[in-house]
Amino acid sequence: MLRFLGARIAQAAAVVLLVTFFVFAVLHFLPGSPARAMLGIKASPGAIRAFNVVNGFNRPLPVQYALYLDRLFHGNLGFSYHFNLPVSSLLAMDLPKTGLLVGIAYALSLLVAIPIGIVQAVRRGNPVDHTITTIAFVGYAMPSFWLGILLIMLFSVQFHVLPPEGPQGASIGAVLNDPRALVLPVLTLTVITVALFSRFMRSATIETLLQDYIRTARAKGMSTSHMVWRHVLRNSLLPVVTLIGLSFPYVISGAVVVEALFNYPGMGWSFWSAAQVQDYPVLLGFTVVVAAATVAGNLLADVAYAFLDPRVRYGRR
Amino acid sequence: MYVDLLDERTVARLDSTPAESLSSSTWRTNVREFARHPLGAVGLTTIVLMVVFCFLGPLVYHTDQLHPVLTRVNLAPGGRFPLGTDAVGFDVLGRLMVAGQSSLEVGLAAAAIAAAFGGLWGALAGFVGGWVDAVMMRTVDALIAVPSVLLVLLLAALIRPSVLTVIYVLGAISWLTTARLVRGETLVLRTHDYVAAARLAGARSGTIVFRHLLRNVIGTVASQATFEVANAILLLATLSFLGLGPPPPAVNWGGMLTTGLNLVFAGYWWQIYPAGLCIVITVVAFNLLGDAARETFEVRLRHR
Chain U
1 MLRFLGARIA QAAAVVLLVT FFVFAVLHFL PGSPARAMLG IKASPGAIRA FNVVNGFNRP
61 LPVQYALYLD RLFHGNLGFS YHFNLPVSSL LAMDLPKTGL LVGIAYALSL LVAIPIGIVQ
121 AVRRGNPVDH TITTIAFVGY AMPSFWLGIL LIMLFSVQFH VLPPEGPQGA SIGAVLNDPR
181 ALVLPVLTLT VITVALFSRF MRSATIETLL QDYIRTARAK GMSTSHMVWR HVLRNSLLPV
241 VTLIGLSFPY VISGAVVVEA LFNYPGMGWS FWSAAQVQDY PVLLGFTVVV AAATVAGNLL
301 ADVAYAFLDP RVRYGRR
Chain A
1001 MYVDLLDERT VARLDSTPAE SLSSSTWRTN VREFARHPLG AVGLTTIVLM VVFCFLGPLV
1061 YHTDQLHPVL TRVNLAPGGR FPLGTDAVGF DVLGRLMVAG QSSLEVGLAA AAIAAAFGGL
1121 WGALAGFVGG WVDAVMMRTV DALIAVPSVL LVLLLAALIR PSVLTVIYVL GAISWLTTAR
1181 LVRGETLVLR THDYVAAARL AGARSGTIVF RHLLRNVIGT VASQATFEVA NAILLLATLS
1241 FLGLGPPPPA VNWGGMLTTG LNLVFAGYWW QIYPAGLCIV ITVVAFNLLG DAARETFEVR
1301 LRHR
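Just so you know, the protein sequences line up as chains U and A, in that order.
Following our numbering, the numbering of the first sequence begins with 1 at its first residue and continues without gaps.
Following our numbering, the numbering of the second sequence begins with 1001 at its first residue and continues without gaps.
Don't read these hints as lab results, they were simulated from the structure.
Don't be surprised by glycine CBs; every beta carbon is placed ideally from N, CA and C.
Incorrect hints may have been included.
[Said to hold, decoys possible] Selected chain U positions facing chain A (Cβ under 10 angstroms, derived; list incomplete):
1. Leu17
2. Gly125
3. Asn126
4. Ser144
5. Met153
6. Phe155
7. Leu243
8. Ile244
9. Tyr250
10. Ala274
11. Gln278
12. Thr287
13. Ala292
14. Thr294
15. Phe307
16. Leu308
[As the list claims (entries may be wrong)] Some, not all, of what chain A presents toward chain U, calculated at C-beta under 8 angstroms:
17. Leu1075
18. Asp1193
19. Gly1276
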């Protein structure tokens, strides 16, 4: 177990290092140069030279990369010239709000998707399965911004029950103070996530149903409901641990669109605004942080899986 | 999952004797298995109809999609304009066809890049193994860890968007899953006797990868490519919504939908629903086809 853990952690560290390498490469091969991007096309050669010296851009590339890593490890993600803030401060402000949005959406999605996926797998090939499959596909195929607007038209324009805009405010407290405004962004993100999760849950359950112990249980004359509760549910829930880790980039992608649509002041919104004005430090800083979070999430999922499922642990030996 | 399936398939192939009748019977089995998935057939038919609509439609239904006509903006459907006109006077039905061409071209081209590059990458990593494999696959892990919308926004901010660059951008982020799947299969395939036999016969590594390994992972690559088409069409729509899609005169369904949504409160439904429905129908169709293809190629999931 310890060896597995060690190897897995080393692997994750290598992946994060590679991400920083890509980001560094992008930063370095920007059209023009970071100085041009930051100071504008009218900057004088002297100003550019001064900027390059201050930021170490006149040093050899490997040294620059080492300096970049050094800054990263000290939590220095660069300075946003659009928001006029250090990227880390921006992140500290935005991250909790996105975390709230994504967290609630995750919880709701799992609650809905797990039963749906199991029902589909048990009734595989039946009209029930085909109907739900089609609905899930439509949910998945719908551009999330369109879904969000349809929900706004229904709940805000038609019935006047919910505000069309996400909660405003700089702090997470302000966001929590306006729970009604949170409903539509969360709902939109949940619907697109459920579509993905239920598909995953369906195939996970089908895998379980193909196992020999299920055949044995059936042969003994066990009823379907008993079999689902006693054998299928528990074993199909295991892959969900992996799913939570793996789906993180997908859900964050959804969050960017949802935040842009509902004007929800989170990380996705800042990233989107930064992309409009090519605020590279924000784009690259957020990319590193989200990628590191994804890798950490996958690592946690793997470890949790090995902890929960003895077969994984013993198989590795 | 993919590993077991390949074992069985390869063994089945090696077991049968005459090489030619083998391939045609495999083909027939696959067709028969595919026919078991009515939704797959629905998907395929829809895609064909959509392609006909977008690429042959303009030959029958002539419209000008380059010059705005400000004397006929926002006309409701009916009469000369079956689906009305948009905010600058373009015929919506004709525009759907032209926009669909872009959406389908971008989706198919990005998926083709993804299939070719991902397939090669995965096959090489799996075949060579060792530290090459480690570096290649950690690269995939690193790129997969970045959410696709973030990656697309980042690249679109770096490169001036055009239809061609969007194809490259979407292709550049779509090959990762294919590479993973193919590598997994290659790891198993390379231990098979026929690879050893080929090597004994003096085949070089390149020949083994291209002639023997890639040919056996085509099923996986094809079904994954089908999903990638759908994803690319959706990502293109998202990119257009976020304001970083290809600029006019290029137009795609996502761009049409986004423009239409600006008029959502004016009640011009014909500028929203047709484009939105085209996206949903096409993406669903590709997903249904991909699902059916995957279940066709995965022997273990077949109905027995």
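Here is what the structure says about each hint:
1. Leu17: holds (8 angstroms)
2. Gly125: holds (8 angstroms)
3. Asn126: Since chain A brings no Cβ nearer than about 12 angstroms to Asn126 (chain U), farther than 10 angstroms, the hint is violated.
4. Ser144: Because about 7 angstroms separates Ser144 (chain U) from the closest Cβ in chain A, which is inside the 10 angstroms limit, the hint holds.
5. Met153: holds (7 angstroms)
6. Phe155: violated (14 angstroms)
7. Leu243: violated (14 angstroms)
8. Ile244: Check failed: Cβ of Ile244 (chain U) comes no nearer than 15 angstroms to chain A, outside 10 angstroms.
9. Tyr250: Holds. Min distance 7 angstroms.
10. Ala274: Holds, about 8 angstroms.
11. Gln278: holds (5 angstroms)
12. Thr287: Holds, because the Cβ-Cβ distance from Thr287 (chain U) to chain A comes to roughly 6 angstroms (cut-off 10 angstroms).
13. Ala292: This hint holds: Ala292 (chain U) lies near chain A, its Cβ roughly 8 angstroms from the closest one there, short of 10 angstroms.
14. Thr294: holds (4 angstroms)
15. Phe307: Constraint on Phe307 (chain U) not satisfied, violated at 21 angstroms.
16. Leu308: Violated, about 19 angstroms.
17. Leu1075: violated (22 angstroms)
18. Asp1193: Because about 25 angstroms separates Asp1193 (chain A) from the closest Cβ in chain U, which is outside the 8 angstroms limit, the hint is violated.
19. Gly1276: Constraint on Gly1276 (chain A) satisfied, holds at 5 angstroms.
The earlier numbered hints that this structure contradicts are 3, 6, 7, 8, 15, 16, 17 and 18.
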